[in-house]
Every structure is written in C-alpha cells, then in structure tokens.
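Undergrad: Sequence:
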Amino acid sequence: MILIKNAKLLRPEGVVEESLLIEDGKIVSIGEKDKSDVVIDGSKKAVIPGFFNTHTHAAMTLFRSYADDMVLHEWLERKIWPLEAKLDADAVYWGTKLACLEMLKSGTVFFNDMYFFPEAIARAAEECGIRACISAAFFDFFNPDLLEENLKNAVKTLKAIEKYDVLRSIGPHAVYTVSLDGLRRAAEIAEEMDIFIHFHLAETEREVLDFRKQHGKLIVQALDEIGFLSGRLMAAHSVWLEDAEIELLAKRGVSVSHCPTSNMKLCVGKAIKYEKMREKGVNFTIGTDGAASNNNLDMLEEMKFAALLQKFYYSNPTLMRAEEVFEAATVSGARAFGINSGLIEEGYEADIVLVDLTKPFMQPEHSLVANLVYSASSGCVDTVIVKGEIVVENGKFVREDEHKILEKAGRVAEKLKGSEEQSS
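Heads up: the sequence shown begins at 1 in the numbering used here, then just goes up one per residue.
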C-alpha cells in the first residue's frame, strides 16, 4: 500500500486537499489516512492523472536533433530512412529505453508505439515499468506477395509479444504504403486477436489528394467500406479530413491522436479540426510522434502547443480550453485503450503523478490545470506511480540506472551516425 498524505488532488470536481490510498494497483480511498507500507508526504504537491501519449515512434529518440529544418521528403529520404535501414533489435531496445526514461520523468504513464522490432520495444517498456501498446507495423507497397509475407510476420510478432505486460496492436502504416486489401486484412486480424489498430491517417494534403485521384473517394469513406473503422482504431494525425469524414469517425468510435508539435515542425499545412471533432463526439487524444520530428516526448509541452495551435490557426483564443486539452492527454487516452485510468477517483488505476508546486512556474495557484497546460515543464514532475508502483521518486528514475540508459543509447546513436557517414 502507498499512502499520499495531505496533497492537493486534481479531481473532476476541482482541487481538494486530501490523502489518497493506493492498494493492489488501484486508488482505493480518498480522504482516509490508513496505515501503509509506504507514506509519501504530499505537502506542497499536487496529485494529477498521468499522461497517455497516444502516438509515438519511441526508439526515434536515437535520431533526436540529427536532421532538422528540412523539407519533409528530403528529411525522410536523405536522413531518416537511410539511418533506419541500419537499425537492429539492440538499437531499438536502447532507443526505447531512453524514450521510456524521458516519458516517465515528464509524467507519461502510457505510450502507443509503432516501430521496428516490436519485441525489443515491449521488453524495454516492461522493464521500465511503463504502460504501453506495441504495434506490429507492416507495409505491403501494393504488392500482393509482400502483403501475405508481411501479414504473416505481423501475426508472428504479435504472438511473440503476448508474453510481455503490454497491450498489442497491428500497425498498417498508411494508405500510401498499404493497400486497401491489406488494411481490410489488418482489421480482420485485430478482430480475431482482440487487439488494437494503429494507423497514420490524413497527415498531409498530398496523401489525401493522391488517394482521391486514385480511388475517386475520401479516405475515411473508403476505410469504412472495407470495415476498417472501429473502436479498436487509433488514427494518428487526422489533419486533412472533411466534416463528413469526422462524423463517420465519431459514429464508428474511432479515436484520434493529435500531434501538434510534429505537425508544425514538418509543416503539414493546417491545424486539426478539433471543434468539429468535439462537436461530433470523436474521442480526441494527444500524442508526441517521434523525437526525430518533435524533438522531445514531453506531454506537458504537447498540451500547450495543442491549445495554442488551435487558437492561433483559427484566430479564436477560446478554442481548446486548458481543461479540454488536459482531458485529451489523460482520461481520453486511457479510454481509447480500455484502461480505467486518467482520473483521480476511487476504483481507478493508480497511474498518477505528483507535481512539485514550489517550482516558480507553478505559482501562483490561480488554476492548477491552466498552470499545467500553459506554464509547466517536465521539471515539475516529482513522483510517478504506474499500476500502483513507484517508478520515479523525487525526480529520479528508480527502476534502473539512468546513467546506463543514457550511455548505452548514446553509443548506439553514435554508431548509427558513424555507419551512415561512412556509407554516404
């Protein structure tokens, strides 16, 4: 049991100063002060729900600040893809560990990942004590033979990571790398295996225009016709959508992951239609994308950019209020993956963060939520508890040696960079 005494709890009805008891991975009581094995003094701290990062390529921490200020296609073709071709399981393992360390120390308790070598990702996540949904990504490049081979490999991978304490998803990359038949088959596999689907949707205008030219219809319409849309689907980006497509996503229970920092850095061309999504009832969540295009995995920063991008792009300072973006980064992300988390409530999973209120940027306390969204940084994260287990305490990662992770990931990144420079 863990007892947090005298903290300011961020509850749905507002901030209350109470004690909180955790047992068997859940919040079992609020307000009671039972004896406990572990007691945390919550004075001058706030207890908030942990963040759910719903779209990542975690091991791309290895490429952080390697290729910046470039046009998208040049960034991919000249920098990212050549380096990715040299990745192996060990590199992805250490890149993911670096990502988990960064996410946990900035208050993230869950990430939804799509990358290479999924078993290495699952092992890293489990060892670090963070919740995760791991995708078996696949591409078919409109080749039927490649489709059969890659689907077979994806199923094999999904079975291999079943032994880890993670959720699983199948990850058909996008409509420009996977055929409609491949997407249909992916949805069938997700249904058969009772897992999620992780997918890039309408990230760029070119993707949308090329699809419409080829198929004569909107992307979401075509996806619905093949049975791809469901509550299992997490659709990353979802920027270039028509209103009718948004309505269809809501009707089918699809969740959307908004990645504002990556979208702005790579200049996808417009802001997501958040107001329309909220009006229609789309489950709207927040993701950071990979560190190669962000360049960090800090959900506190991501919330601020999400809110400001809406206000600036649509010239309306009332759009995406602090409470709305905070909800998107917490309980909406948990809801997308069927996890009873994201709120400080009795019976909910104990995935919580203690925030240090003595930091200058957390004062004065006119609004805790507004401070978290518009003012806070990862430096305010004091303690992180995932599934009722302390993983960060007093700002330090307690599961493993932080310095070892930093050193190993740094060596892997330098080796990759060196190999690429030699071949170029």
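Be aware that one or more of the hints could be misleading.
[What the hints assert, rightly or not] Pairwise CB distance ranges (calculated):
hint : residue 1 : residue 2 : range
1    : Lys359    : Gly216    : 49 to 57 Å
2    : Val71     : Gly216    : 26 to 34 Å
3    : Tyr176    : Asp145    : 33 to 41 Å
4    : Glu225    : Ser367    : 42 to 50 Å
[What the hints assert, rightly or not] Using 27 Å as the maximum straight-line C-alpha spacing, the simulated DSSO-like pairs for lysine-lysine come out as follows:
hint : residue 1 : residue 2
5    : Lys265    : Lys311
6    : Lys415    : Lys163
7    : Lys152    : Lys213
8    : Lys5      : Lys26
9    : Lys265    : Lys79
10   : Lys159    : Lys387
11   : Lys415    : Lys404
12   : Lys86     : Lys311
13   : Lys359    : Lys5
14   : Lys265    : Lys417
15   : Lys163    : Lys152
16   : Lys159    : Lys217
17   : Lys404    : Lys417
18   : Lys79     : Lys408
19   : Lys105    : Lys26
20   : Lys105    : Lys280
21   : Lys276    : Lys217
22   : Lys44     : Lys26
23   : Lys415    : Lys44
24   : Lys359    : Lys44
25   : Lys387    : Lys5
26   : Lys79     : Lys359
Simulated from the structure, these hints should not be mistaken for laboratory data.
Glycine included, every Cβ here is placed at the ideal spot set by N, Cα and C.
Undergrad: When the structure is checked against the list of hints, which entries are broken? Sort them ascending.
TA: Structure breaks hints 3, 6, 7, 12, 16, 20, 23, 26.
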